[in-house]
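J.: What follows is the residue order along each chain.
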Amino acid sequence: MSYEYIVFSIVLIPIVGAFILPIIGRISHRLRNLLALGFVAASFMLSLYLIPPALAGKVITLARQFPLGLNFVLTADSLAVFMACVSSLLSAIIILYSFGYISHYENQNEYYFMVVLFLGAMMGLVFSGNLILLYVFWEITAITSWRLIGFFREKSYVLKADKAFLVTVFGALAMLIGFISIYQQAGSFDLAVIKESLKTNPVANFAVVLILFGIFSKSATLPFHTWLPDAGVAPSPVTALLHAAILVKIGLYVFARLFLASFTFAEFWHVVVPLVAVISAIVSAGAALIETDLKRIIAYSTVSQIGFIFFGLAIGNGLAIVGGLLYILMHGIAKAGLFLCAGIIEQNTKTKDITKLGGLITTMPITAVSFLFCAFSVMGIPPFGGFFSKYMVFAGAVNSGHLVITALFLVAAFMTILYLFRLFNLIFLGAARIPAKEASPIMVLSVAILGALSLVGGILIWYPSKFVQVVVTQMGRM
Amino acid sequence: MYSSLILLPFFGVIVLNLPFRALMKKCAFWLCLSIVLFQICLILFPQICCFSDKLDALGSFFKFDFAVDSLSRVMLFCIGIVLFTALFVQRNNCEDEDKIFNFANVSLLILCGMNGVVMVKDIFSLYVFLEITAVSSFILIAFNKESVAFEGAFKYIILSAVATVLMLAAIALFLVISGDTGFSAISSALKVSQGRFFIGFAVGIFLCACFIKSGLVPFHGWVPDAYSSAPASVSVLLAGVVTKTVGIYTLIRIVNSIFGFGDPIKHLLLAVGAISIVVGALAALGQKDIKRMLAYSSISQVGYIVIGLGTGTALGLTGAIFHLFNHSIFKSLLFVNSAAVESETGTRDMDKLSGLAKKMPLTGITSILGSLSCAGIPPLAGFWSKLIIIIALWVSGFRGYAIIAVLASVLTLAYFLSWQRSVFFGILKEDLANVKEAGFGLVFPALILAVIIVGVGIFFPLFINSFALPIENILGG
Numbered sequence: 001m002s003y004e005y006i007v008f009s010i011v012l013i014p015i016v017g018a019f020i021l022p023i024i025g026r027i028s029h030r031l032r033n034l035l036a037l038g039f040v041a042a043s044f045m046l047s048l049y050l051i052p053p054a055l056a057g058k059v060i061t062l063a064r065q066f067p068l069g070l071n072f073v074l075t076a077d078s079l080a081v082f083m084a085c086v087s088s089l090l091s092a093i094i095i096l097y098s099f100g101y102i103s104h105y106e107n108q109n110e111y112y113f114m115v116v117l118f119l120g121a122m123m124g125l126v127f128s129g130n131l132i133l134l135y136v137f138w139e140i141t142a143i144t145s146w147r148l149i150g151f152f153r154e155k156s157y158v159l160k161a162d163k164a165f166l167v168t169v170f171g172a173l174a175m176l177i178g179f180i181s182i183y184q185q186a187g188s189f190d191l192a193v194i195k196e197s198l199k200t201n202p203v204a205n206f207a208v209v210l211i212l213f214g215i216f217s218k219s220a221t222l223p224f225h226t227w228l229p230d231a232g233v234a235p236s237p238v239t240a241l242l243h244a245a246i247l248v249k250i251g252l253y254v255f256a257r258l259f260l261a262s263f264t265f266a267e268f269w270h271v272v273v274p275l276v277a278v279i280s281a282i283v284s285a286g287a288a289l290i291e292t293d294l295k296r297i298i299a300y301s302t303v304s305q306i307g308f309i310f311f312g313l314a315i316g317n318g319l320a321i322v323g324g325l326l327y328i329l330m331h332g333i334a335k336a337g338l339f340l341c342a343g344i345i346e347q348n349t350k351t352k353d354i355t356k357l358g359g360l361i362t363t364m365p366i367t368a369v370s371f372l373f374c375a376f377s378v379m380g381i382p383p384f385g386g387f388f389s390k391y392m393v394f395a396g397a398v399n400s401g402h403l404v405i406t407a408l409f410l411v412a413a414f415m416t417i418l419y420l421f422r423l424f425n426l427i428f429l430g431a432a433r434i435p436a437k438e439a440s441p442i443m444v445l446s447v448a449i450l451g452a453l454s455l456v457g458g459i460l461i462w463y464p465s466k467f468v469q470v471v472v473t474q475m476g477r478m
Numbered sequence: 001m002y003s004s005l006i007l008l009p010f011f012g013v014i015v016l017n018l019p020f021r022a023l024m025k026k027c028a029f030w031l032c033l034s035i036v037l038f039q040i041c042l043i044l045f046p047q048i049c050c051f052s053d054k055l056d057a058l059g060s061f062f063k064f065d066f067a068v069d070s071l072s073r074v075m076l077f078c079i080g081i082v083l084f085t086a087l088f089v090q091r092n093n094c095e096d097e098d099k100i101f102n103f104a105n106v107s108l109l110i111l112c113g114m115n116g117v118v119m120v121k122d123i124f125s126l127y128v129f130l131e132i133t134a135v136s137s138f139i140l141i142a143f144n145k146e147s148v149a150f151e152g153a154f155k156y157i158i159l160s161a162v163a164t165v166l167m168l169a170a171i172a173l174f175l176v177i178s179g180d181t182g183f184s185a186i187s188s189a190l191k192v193s194q195g196r197f198f199i200g201f202a203v204g205i206f207l208c209a210c211f212i213k214s215g216l217v218p219f220h221g222w223v224p225d226a227y228s229s230a231p232a233s234v235s236v237l238l239a240g241v242v243t244k245t246v247g248i249y250t251l252i253r254i255v256n257s258i259f260g261f262g263d264p265i266k267h268l269l270l271a272v273g274a275i276s277i278v279v280g281a282l283a284a285l286g287q288k289d290i291k292r293m294l295a296y297s298s299i300s301q302v303g304y305i306v307i308g309l310g311t312g313t314a315l316g317l318t319g320a321i322f323h324l325f326n327h328s329i330f331k332s333l334l335f336v337n338s339a340a341v342e343s344e345t346g347t348r349d350m351d352k353l354s355g356l357a358k359k360m361p362l363t364g365i366t367s368i369l370g371s372l373s374c375a376g377i378p379p380l381a382g383f384w385s386k387l388i389i390i391i392a393l394w395v396s397g398f399r400g401y402a403i404i405a406v407l408a409s410v411l412t413l414a415y416f417l418s419w420q421r422s423v424f425f426g427i428l429k430e431d432l433a434n435v436k437e438a439g440f441g442l443v444f445p446a447l448i449l450a451v452i453i454v455g456v457g458i459f460f461p462l463f464i465n466s467f468a469l470p471i472e473n474i475l476g477g
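Top to bottom, those sequences are chains W and S.
Take the first sequence: its position 32, counting from 1, is numbered 32 in the numbering used here, and each next residue is one higher.
Take the second sequence: its position 161, counting from 1, is numbered 161 in the numbering used here, and each next residue is one higher.
Just to be clear, a hint being listed does not mean it is correct.
Computed from the model, here is a short list of chain W residues facing chain S with C-beta under 7 Å [as the list claims (entries may be wrong)]:
id, residue
1, Glu139
2, Phe170
3, Arg477
Counterexamples of contact, computed for chain W against chain S with all Cβ distances above 10 Å [said to hold, decoys possible]:
id, residue
4, Arg30
5, Leu31
6, Gly100
7, Tyr105
8, Val169
9, Glu267
10, Arg296
11, Thr355
12, Thr362
13, Pro365
14, Leu372
15, Val411
16, Lys466
The hints are simulated quantities; they were obtained by calculation from the structure and are not laboratory data.
All C-beta atoms, glycine included, are put in the ideal place defined by N, C-alpha and C.
All chains should be modelled from the sequences, with the hints used to inform the complete structure.
T.: Okay, here's the thing in structure tokens:
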């Protein structure tokens, strides 16, 4: 099978598969669950298969011309392959965890349908080589996250789902205007054509602002971050999927895809974007310090960490970009782990209020250790994965001479350590308040995998960082 | 062959009212349905309908003179599919044979009128067919003889009469100038004697008449009353095609074929379109009655069509006509959904409903597709037409209007989400525990329309090739 068709099937399998799942679900629940995992795992395997050509610097393109100057282009360069591997791996683990978590709720057919469709749309977005195609997949992810946040159907939950949908659609529409103005500047929506025609001059600032609107709203960065903590009403695997692993990374990916890999923006954006990011990081870290709702704390932590990634990607230094991309991987793994642990705790103790919890380490040892590992990774403690990515981001920023912003980010990094220790302390240490047992083996296994990956990712950091270096070299930023 | 599209419904009415009414009552619905299906087939597969050439000979006997271009074909298809839907809805909601018989009669008349409107090429025949359509729709609105319906129909009659007078006066003035009523003759006469006051006056009042008929702000007063007081099937018909044909199609045809895109006309269209988009969307946000919300949403969506037309470019016109098509499909679908909710729960008040998706899964899913298509969320059909309109606005330099159009999409999404939240997406209320899925007549057309929405959205490139590119050629033609 040629590589073009592999790229096409990575996108197609989950999307078509998603529509089959509700039908299968009427016959057999087990088969549906296994198939859901199978579709996502197939995407993951095929993405892995694309790593060798990506490492060799090969760009795979599948293009079909459409009328009105539109076209259907899937491009698999190393950046896309990297992102595809990260998101499909995390989705597979999250679906595994869902087997246990979601098994006693209604509307499971819809749940699996939406999660697998989400992954398909995510894969489409990652491989899109055309701005309109990218926008289409971007909005499909918004639809699925709307249904998933409102999964429990409570009125207030549905309101929050609507809020998330409206905020992200607002940003996306602003971004669409930005795309159209790029279209006017470059004469095409095709990224390769845009790249050629905008080689010498940067994109109009007006378009950059509008696109940043979209990116910040999707990646829940200040001032569009409020939907993310609210989205914590969703079932836990969903919050993990949305917050940690994939949805918020869409904005980061598109930032890298557009402003790093395809065209350049004016010099001052290298300061403005990190400034917005640092404000976002510090404010949300502060919010995480005073919140008492378990899931909201982790959500604010996500907002804060996203700031670090923007910092790395936008500062304009090769090493920092490597760090930023590695951060996407490490943070995805660790934050998914934290959310899934939170899901176990919430389901077994029936509360999300951390002031009512305590001493769970004695009854839930594996969950506690996994939680701690993931927390270490987010804090950036060596030798966990998060340390290396954070270190590279900071080292790159210092190299490029932005000392003040770097110092501010150090404050945010310190706050991260504070609120995560506070969280761990209140939940797992001290006297036991609410008796709770370990969750079902499959759920514990999923969080253990993520905890272990956080550690292994750090120890074997050479492999992903090698790959990311190829990515950054291919962008021409190294 | 297209003359058969007017002759068949016309003779259909005559046949239905011949003696043997008892027999005719039984087959009225099927006769009407088969005429509608014939129309859809004729548009989709023109080659298989060769037998209708014989009918053409009949047509020449009646001295009809038609011009059918790709815009007309789009309209004919919309008319067919929406009337098909309306017939099923009517049959589902009404057991009474007499009523179905009457409905079939008036439907055939309105079909004849609308087909005439979209195929004629002179302004006076246009006026005649417009009146046939208008009179049939007055009857349809008041079909169930309820007092609210009379009020709605009365409002429509009054405003429609004003529009008629304006239109007739404008036609008289055009006749004075050009000595003919053909589109091309008037168009060339207008070009020769440009700049005279009463030409501007005639153009102005004709446009006003079109705005009234299409229910654009500030002439939108009759729309919510007429749509919400009419029986379910008639709302589908009115919102789906009737106002689109008598108002929007006429506007597009007249501006494109006669007036041309001068600067004053462009700016007028853009301004009226933008105001309608915003006012309609804001008003829809505050509605509690499903049908009223959909009616205001219609006003807003019609604004998009007009704003696309106002760019005066081929791309804008393509977007406008594409959106006209999409609007017919998704708005009929949403009215069918509201009919399904009303027939099963007995209310249209959104505050009294909740969580119906559990009991009415098909209605729930199709309503999501319709709403998202209307809000312009990809990959559904409505996204592409809005995208084309916005690109057209942007590249022709009307950036302010493009931004208004985009931001209003967020409002559109907001009111549809609140509809979804209060009716379908939520926890089922206890007093709704016995609700069942709506009957076949409401679910079947909804499924067909939903398939069209998704199909056109996903296979958009195929669709645009056979549909939009020909439209570019009609500009100025």
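J.: Confirm or reject each hint.
T.: Tested hints:
1. Glu139: Nearest chain S Cβ about 5 Å off; hint holds.
2. Phe170: holds (5 Å)
3. Arg477: Hint violated; W/Arg477 Cβ to chain S Cβ min 31 Å, cut 7 Å.
4. Arg30: holds (23 Å)
5. Leu31: holds (21 Å)
6. Gly100: Holds: least Cβ distance 24 Å, greater than 10 Å.
7. Tyr105: holds (13 Å)
8. Val169: The claim breaks: W/Val169 does not keep its Cβ more than 10 Å from every Cβ of chain S (closest is about 6 Å).
9. Glu267: holds (26 Å)
10. Arg296: The claim stands: W/Arg296 keeps its Cβ more than 10 Å from every Cβ of chain S (closest is about 22 Å).
11. Thr355: holds (29 Å)
12. Thr362: W/Thr362 clear of chain S: closest Cβ-Cβ about 37 Å, beyond 10 Å.
13. Pro365: holds (37 Å)
14. Leu372: Non-interface label stands for W/Leu372: nearest chain S Cβ at 38 Å, farther than 10 Å.
15. Val411: holds (36 Å)
16. Lys466: holds (37 Å)
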